Amino acid sequence: MRVVVPVNRLPQPWDETRGLEAQEVQARRARHGLNDVRGQPPRSVLQTLREAGGDPMLWFLVGTSVLYFALGERVDGAVMLLAIAPLLGMDVFLHHRTQASTEGLRSRLAARALVLRDGREEDVPAEEVVPGDLARVEAGSQFPADGLIVRGRGLQAEESSLTGESLPVRKQPLERLPPGAEPAVDAVHWGLAGTRLLTGTAWVRIVLTGPETLYGSIVRSARRERRARTPLQHAVAHLVAVLLAVAAALCAVLALVRWRQGFGWLDALLSAATLGVAALPEEFPVALTFFLGAGVYRLARRQALVRQAVSVENIGRVTCICSDKTGTLTEGLLRVARLLPSPGTPPEALLRTAVLASREEGRDPLDVALLEAGARDLPSLPGPAREATFPFTEERQRETSVVRQGPGALLAAVKGAPERVLDLCALAPEARREWELRVEALAQEGNKVIACASRTLDAAHWHGGEPERGFDFVGLVACEDPVRAGVAEAVRECRDAGLRTVMVTGDHPRTALAVARRLGLGGGHPQVLTGDALEARLADTGTVPPVDVVARAVPAQKYALVKALRKEGEVVAATGDGVNDVPALQAADVGIAMGERGTRSAREASSIVLLNDDFGTLVRAIAEGRQLFSNLQRCFLYLLLIHIPLVGTAALLPLWGQPLLYLPIHIVWLELIIHPTAMLAFQAGARPGRLTPVRMRPAARFFSGGQWALLTVVGGLMACGLVWAYARSLAEGQDIARARAVAVASLTLASASFAAVLTRLRTRTARWVCALTLGLSVLLLQVPALASLVGLHPLHVRDWARVAVAVAVALVPLLLARPRDEGDGRSSRAHRWTGRPQMASGPP
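In the working numbering, the protein residues as written are 1 to 844.
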């Protein structure tokens, strides 16, 4: 991970140890604002209750309670008022669940900071820290903001809250800034807000504060982007508007009919109010908001930071991924892959020669790989006493080190381009040709190949120049950028699910082809085009040719590829890490920036940031997005399956001149069951390694035609069964309270049964919700004292049998067409109802 340093925020000189002066602190605070990493303070319970006051269900309870008291029905009025408490408590609880991720992040932030100002140390609130401050962080304390570590020894930090790394991370002071207008500095020199120093004492030069810190972006992004309405929210709002219009019309008709039937204005008013609350679709927008919040939280746990709410929907509809290679599909670091020593040379001698010709201070990736291999495989190698170093240049294409071997003896070790090193050695033409063929074979496998040679020098006759001849060829070292662990499996998972994966890289086609084969792109036979060839094909045909790898690609060609894929109907996710990737990130349906290597421009242009730059994280995020859509779809199925018989029977029986089937308190009880079931029972996470195919469907359709047919059949059967059970119980003894208890029992059993079928009881929450629904309902109905409070009579065994028959009949078509889970690889007849997850190609 490398972080870009905006040097204009640092004092000059940047490593000055006096600290800022008071006047400069005020100027910087006015320019950059407070170090408000936490964002807005968490809302109090009172504020949450005040917002919950906008729930129409609460005003219905208050209104009906007042009406009952006016009529002298004090018990019913008191019961209605008491029902407000669980509703408010449920709103507070659901709000707490939605805010759980942000609250958990806030708890890890520093409250105060020790900073050096005017030459003396001050203890100030963390919010008052400004860019340029010099802060002292003791072991066990949190870093107050993001900054460069300028002093300290034996430093280790705990960064699991940001990176998921469970082990301590070593930190080192930065000795000098790399050249450049905004240089990039390795993460080993950074202290990050929200992380904790474990050992040592660190002096940190603050660079980024408030929302500009990595931690601040995580806390603030979800709150900032949640204001934007997504296509799914528009679709749900339209559905709610239609349902409200239908409910209002039904209420007006029912009130008029009841009044004309001679039941009086009170009965007409209660009938209309009861039907209105039963038909009120307030669960739909509440469920959408809750599920989107849960999706943001779940993706964050997958190391995918959601910056735009629409991404929670789009990530699950992705059909094509345009991915960078370096750092995403591969580790982005060179590793020694193979050692090919010359005959008679031990592999350790070859590696030793390569290590001697490498320098640690340059941090060249190749030198780093060789030094790491030497530290691992040559632990007893003493530090060389270097006499001279001749560094690598583009003209020379080699690096030479002269080290002391002993008294009067020197060793010259050289590494570099094979053809340049071979020129320094006296090899027979046949031997040289054999080594050249080996170099070509290793290069075709995607390796970076260097050659090594050495020769001894007489210290008395060496005059300090670089030796130009007389070297003994030692062998070849092949280095590779290894494929990230788990990426090949993730690519195969995408291929099996029908997701197209295109690797876009600036590497040579031969290197790109070798990596693509290791990844399994194209089923092991990837189609490779250069960026220029792709551009020409797009210009000639206007369509994207069959391609798995685009090599030697420039940013404009990556942008053109993304645009062409979207034009062909693909839902495209594109990854990037630099400023030159911004056009492609903005053009994609889901722009994904790399959190470790990505520049600020790339992160701001993206809708999702991968905190660990791993392609496997992207695939897991797609699985979570699909599961989120499936969860929401099942939740809405459940709500409609319950509301169809509830609203239908609440309207039809009074219209036929029968007594009111449900009293207001019964609607309240049913809502207390439906609301938490919808919110909590359907929160299933994606199963690992089970990404299922996606099938496109017309936009603006949340349910397929088969699903609407399923809703109609199941809802109609449930309504008919409920009326049958109610009528049979009423005919036996003309006991309206017992008949109403049959209707309430039918709907509560149906609620638990529908939820169990749709969720398959996969989660512990789903099992608890269904069990509590049944247990509390039986308790309410069968305990005479509780039943009398809500105007019901306990049921007989034959009543429960009728309830079971009514629900069982309605369950038959639902069981036969049970929607399959996202991530469940098994086949199912549900394909006739849901297809594979039927994601819309446009706004739902």
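The set of hints was computed from the structure by calculation and includes no laboratory data. Do not take every clue at face value.
Unchecked claim - With a straight-line Cα cutoff of 20 Å, these simulated SDA-like cross-link-like pairs (lysine to any residue) come out:
id : residue 1 : residue 2
1  : Lys448    : Trp435
2  : Lys563    : Gly523
3  : Lys563    : Gly542
4  : Lys567    : Asp540
5  : Lys448    : Val483
6  : Lys448    : Asp540
7  : Lys567    : Pro546
8  : Lys448    : Leu422
In this text the structure is predicted, and so the values were computed from the model without any measurement.
We went through each hint and held it up to the structure:
Note on Lys448 and Trp435: the hinted pairing holds, with a Cα-Cα distance of about 15 Å set against a maximum of 20 Å. Simply put, Lys563 and Gly523 have alpha-carbon atoms about 25 Å apart, too far for the 20 Å limit, and the pair is violated. Between Lys563 and Gly542 the CA atoms are separated by roughly 11 Å; this keeps the pair inside 20 Å, and the hint holds. About 16 Å separates the Cα atoms of Lys567 and Asp540, which keeps this hinted pair within 20 Å; it holds.
Between Lys448 and Val483 the CA atoms are separated by roughly 14 Å; this keeps the pair inside 20 Å, and the hint holds. At roughly 35 Å between alpha-carbon atoms, Lys448 and Asp540 are farther apart than 20 Å, so this suggested pair is violated. With a CA separation close to 15 Å, the supplied pair Lys567 and Pro546 stays within the 20 Å bound. A C-alpha spacing of about 16 Å is found between Lys448 and Leu422, which places the hinted pair at or below 20 Å, so the restraint holds.
In summary, the numbered hints that this structure violates are 2 and 6.
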